[in-house]
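Asks: Make a model of the complete structure from these sequences and hints.
Okay, here's what each chain looks like letter by letter:
Number of protein chains: 2
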Amino acid sequence: MSSSKISPLAPKTYPEMPAIDGVRLSTAAAGIKYKDRTDVLMAVLEPGTVVAGVFTRSKCPSAPVEWCRKNLRSKSARALVVNSGNANAFTGRTGREAAQFTAALASKAVRCKSGEVFLASTGVIGEPLKAQAFAGVMDGLVARAVPGAYLEAARAIMTTDTFPKIATATARLGKAKVTINGIAKGAGMIAPDMATMLSFVFTDAPVSAPVLQKLLNESVVDTFNAITVDSDTSTSDTLLAFATGKAAARGAPKVTKASDPRLKEFRKAFTRVLANLSEQVARDGEGARKLVEVVVEGAVSKASARRIAMSIANSPLVKTAIAGEDANWGRVVMAVGKAGEPADRDRLSIWFNGIRVAHRGGRDPGYDEAKMSAAMTAQEISIKVALGLGRARDRVLTCDLTKDYVAINGDYRS
Amino acid sequence: MSSSKISPLAPKTYPEMPAIDGVRLSTAAAGIKYKDRTDVLMAVLEPGTVVAGVFTRSKCPSAPVEWCRKNLRSKSARALVVNSGNANAFTGRTGREAAQFTAALASKAVRCKSGEVFLASTGVIGEPLKAQAFAGVMDGLVARAVPGAYLEAARAIMTTDTFPKIATATARLGKAKVTINGIAKGAGMIAPDMATMLSFVFTDAPVSAPVLQKLLNESVVDTFNAITVDSDTSTSDTLLAFATGKAAARGAPKVTKASDPRLKEFRKAFTRVLANLSEQVARDGEGARKLVEVVVEGAVSKASARRIAMSIANSPLVKTAIAGEDANWGRVVMAVGKAGEPADRDRLSIWFNGIRVAHRGGRDPGYDEAKMSAAMTAQEISIKVALGLGRARDRVLTCDLTKDYVAINGDYRS
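Residue numbers (this note's numbering), protein chains in the order written: chain L, 1 to 414; chain G, 415 to 828.
One should not assume that every hint holds.
Here are the computed distance ranges between Cβ atoms for each label pair [claimed, not checked]:
{"hint": "1", "chain 1": "G", "residue 1": "E480", "chain 2": "L", "residue 2": "R172", "range": "39 to 47 Å"}
{"hint": "2", "chain 1": "G", "residue 1": "E566", "chain 2": "L", "residue 2": "K371", "range": "39 to 47 Å"}
{"hint": "3", "chain 1": "L", "residue 1": "T170", "chain 2": "G", "residue 2": "G804", "range": "52 to 60 Å"}
{"hint": "4", "chain 1": "G", "residue 1": "A549", "chain 2": "L", "residue 2": "A370", "range": "29 to 37 Å"}
Keeping only pairs whose Cα atoms sit at most 25 Å apart, straight-line, the calculated BS3-like set for lysine-lysine is [as the list claims (entries may be wrong)]:
{"hint": "5", "chain 1": "L", "residue 1": "K268", "chain 2": "L", "residue 2": "K302"}
{"hint": "6", "chain 1": "G", "residue 1": "K589", "chain 2": "G", "residue 2": "K668"}
{"hint": "7", "chain 1": "L", "residue 1": "K214", "chain 2": "L", "residue 2": "K254"}
{"hint": "8", "chain 1": "G", "residue 1": "K668", "chain 2": "G", "residue 2": "K678"}
{"hint": "9", "chain 1": "G", "residue 1": "K484", "chain 2": "G", "residue 2": "K628"}
{"hint": "10", "chain 1": "L", "residue 1": "K59", "chain 2": "G", "residue 2": "K489"}
{"hint": "11", "chain 1": "L", "residue 1": "K130", "chain 2": "L", "residue 2": "K113"}
{"hint": "12", "chain 1": "L", "residue 1": "K59", "chain 2": "L", "residue 2": "K70"}
{"hint": "13", "chain 1": "L", "residue 1": "K302", "chain 2": "L", "residue 2": "K254"}
{"hint": "14", "chain 1": "G", "residue 1": "K817", "chain 2": "L", "residue 2": "K5"}
{"hint": "15", "chain 1": "L", "residue 1": "K35", "chain 2": "L", "residue 2": "K130"}
{"hint": "16", "chain 1": "G", "residue 1": "K798", "chain 2": "G", "residue 2": "K716"}
{"hint": "17", "chain 1": "L", "residue 1": "K59", "chain 2": "G", "residue 2": "K716"}
{"hint": "18", "chain 1": "G", "residue 1": "K419", "chain 2": "L", "residue 2": "K403"}
{"hint": "19", "chain 1": "G", "residue 1": "K473", "chain 2": "L", "residue 2": "K384"}
{"hint": "20", "chain 1": "L", "residue 1": "K33", "chain 2": "G", "residue 2": "K419"}
{"hint": "21", "chain 1": "G", "residue 1": "K589", "chain 2": "L", "residue 2": "K403"}
{"hint": "22", "chain 1": "L", "residue 1": "K302", "chain 2": "G", "residue 2": "K473"}
{"hint": "23", "chain 1": "G", "residue 1": "K522", "chain 2": "G", "residue 2": "K628"}
{"hint": "24", "chain 1": "G", "residue 1": "K473", "chain 2": "L", "residue 2": "K371"}
{"hint": "25", "chain 1": "L", "residue 1": "K268", "chain 2": "L", "residue 2": "K59"}
Keep in mind that the hints were calculated from the coordinates and are not lab data.
Owing to the predicted nature of the structure, the values given are computational and were not obtained by experimental measurement.
Glycine included, C-beta positions come from ideal geometry on N, C-alpha and C.
Replies: This is the structure:
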């Protein structure tokens, strides 16, 4: 594993994470797989906390994903337990039992129903999770939980991540200030049509569970669902949002309709946190040295633009070209062509970092290889494709495909 | 480019390629892109030759693909001109003119209609093809064309290929022996939903154009459409079959119906040639060190089995694990799950090279890591997945994903 080297695309600084009323966090080293590091995160949530979630669309989801899906119906959450090192996926009945056992431990420690405990696991697939390891740390996790420990929380859930991922935003809700904090992990096995890797978002806003779910569904479309590292979709992808409602005590109105105009600022801040976290996941793509934005304009619909953008962003040939600092727009044409969406070769124009390289079906007459090569050394690359067919637009984020990706994934288990 | 090193998966010997009545081949060095090697292939076909073809499904096809599609309607072929080094794709009006110019040169040299000239180009996308380079070599190509030059032909159309690809088979048609010879090129940008890279198949069997087209459509399903190197689909993929009919002079019956029972042996031999060539393409996957067979059984339909098999074969995480000689069946579960096809985690069983590693949704109780690790050092890896849902089965071929793939594609243009 090459996870000791921090990605060159990592943020240079971390934000101060304010406390959120009703949320306390702690971490522990249970020795699930890693040595000398934390691998369990516990969030203790005050009574009244509501929850919403989106999950992987994998047909073979992990035991914790099935557990969360089932308990989401109750809409009430009192605890979140996350471990790294083992995904508890494809572990059959043993896996379900491990999830039940973990939830039972947490419910006893927090004094809530086990259905109010939410779980997530990340790491190797197919190895039985030894949930007994949690027994020795659970009471301590609850006892030591403190309001501000978001950075530590983000560290405890890392696997091949090279840096912890945190984000925060505030918004006015009525006359009160509410806060949204989020953490995430994920570096490989990142693809569309899923919630995300693991991400957990907390707020003190007094929004109802259905409102929170609606906001989450809206916000993932152009954030976590608009990133891809390697087109692979995890069995464990989980994004949970928790709202403690504690800002009501400071005068925030209780919001029970997603269409409530008072949500405007909150909605934006909520999406901003998700966008920030998902960009960090793309920045930490396994082996990544360049962050790549793909913008598709002039498509017949947003869905069509998304499919073309993802075809470009997932193309190994495009991604290796970027790694080689080669503005190989021929491969972009290839990726547009293979998407199966409406496209007319003779209307296509393509830009790399603002430099037009192809115009209406052929090489740009003013194409300057030296100028383009210089621009391709940048750490952030933007590929823009104008289809010239309609007015729809989309944007996705990815990273380049380097030899390090192969190295990291060729010996992950060893 | 690392194309000087021959793939470790290359065939150890080449077959003797017999002559086919009515087909003469020659090659030349026109200096399109490469130095000190041949880069043009000409096949001169006797009058009466019929043609069939399948092409890329890219929405941005190359000029030669459009040219061939248009002329396929005439069903008659007298010449094939193929160049390597430049794909003449995404070259707009210039590209169409280059195709027309090349066909005009060939039709003059062979004395046929330009609509009877078939074209294919492979190499860099987006660079204008300087078809004038063909003017100096065309008459010589026709004059020097000889019956047996298949290996030289296969060499002239190579790009990142590390070895030329040829195959031959014979079959009885009526009381006569007929021959099928094929050549192919392709190493990257290989994916399903297309015809193939470039492949050209020749036979002396007196089959009609519609029969040849039917045979081709049937045969590509489990050959060229069942291989993938990197999930990328070229703008130029072309598979053409030519039948000279010359075996009629030796007593072969003229066949005008694809259902004709006399075709039985020919049909098998024809498919065998395509299977042989397509396997060679997978064996020459860019950077490949291992040939990977993916077999999916117990699916609800063949189409569903194909999609699951392709999801596994195209997964960067599965392919890098194979490169690392790691029987990481957790990633196979992931790839099954993300295919979106019916699958039940708790019925899944998985084998690597005959060793069952997972059984009915969990690790195989008899799993032996040391034994499995030893087996993974083999040059050919077979991944079998039993879904336990139905009776349908499918098989695809791919290769591993190595650092060399990244190296080859990171500096292809430089």
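Asks: Now tell me, hint by hint, if it's right for this structure.
Replies: Evaluation of the provided hints:
Distance hint check: the CB atoms of G/E480 and L/R172 are about 58 Å apart, inconsistent with the given range 39 to 47 Å. For the hinted restraint 39 to 47 Å between G/E566 and L/K371, the CB-CB distance of approximately 41 Å keeps it satisfied. Distance hint for L/T170 and G/G804: a CB-CB separation of about 54 Å, consistent with the stated range 52 to 60 Å. For G/A549 and L/A370, the Cβ-Cβ distance of about 31 Å falls inside the hinted range of 29 to 37 Å, so the restraint holds.
Only pairs whose Cα atoms come within 25 Å are accepted, and L/K268 paired with L/K302 is accepted, the gap being roughly 20 Å. The suggested pairing of G/K589 with G/K668 holds, with an alpha-carbon distance near 12 Å, which does not exceed 25 Å. Of the supplied pair hints, the one linking L/K214 and L/K254 holds, its CA atoms being roughly 15 Å apart against a limit of 25 Å. Taking the CA atoms of G/K668 and G/K678, the gap is about 14 Å. The hint holds against a cut of 25 Å.
The hinted pair formed by G/K484 and G/K628 meets the criterion: a straight-line CA distance of about 18 Å does not exceed 25 Å. For a cut-off of 25 Å, the pair hint linking L/K59 to G/K489 is broken: about 46 Å separates their Cα positions. For the suggested pair L/K130 and L/K113, the alpha carbons sit about 22 Å apart, so the restraint of at most 25 Å is met. Between the alpha carbons of L/K59 and L/K70 the distance comes to roughly 16 Å, so the proposed pair stays at or under 25 Å and holds.
At roughly 34 Å between alpha-carbon atoms, L/K302 and L/K254 are farther apart than 25 Å, so this suggested pair is violated. For a cut-off of 25 Å, the pair hint linking G/K817 to L/K5 stands: about 19 Å separates their Cα positions. For the hint linking L/K35 to L/K130, the alpha-carbon distance of about 15 Å falls within 25 Å, and the restraint holds. Only pairs whose Cα atoms come within 25 Å are accepted, and G/K798 paired with G/K716 is accepted, the gap being roughly 15 Å.
For the hint pairing L/K59 with G/K716, the CA-to-CA distance comes to about 18 Å; that is within 25 Å, so the pair holds. Under the criterion of a C-alpha separation no larger than 25 Å, the hint pairing G/K419 with L/K403 is consistent with the structure, at around 19 Å. Straight-line distance between C-alpha atoms of G/K473 and L/K384 comes to about 18 Å, which keeps the hinted pair within the 25 Å bound. Distance restraint check for L/K33 and G/K419: the Cα-Cα separation of roughly 40 Å exceeds the 25 Å cut-off, and the hinted pair is therefore not satisfied.
Restraint check for G/K589 and L/K403: not satisfied, since their Cα atoms lie roughly 56 Å apart, outside the 25 Å limit. For a cut-off of 25 Å, the pair hint linking L/K302 to G/K473 stands: about 18 Å separates their Cα positions. Taking the CA atoms of G/K522 and G/K628, the gap is about 31 Å. The hint is violated against a cut of 25 Å. A C-alpha spacing of about 30 Å is found between G/K473 and L/K371, which places the hinted pair above 25 Å, so the restraint is violated.
Taking the CA atoms of L/K268 and L/K59, the gap is near 32 Å; set against the 25 Å cutoff, the hint is violated.
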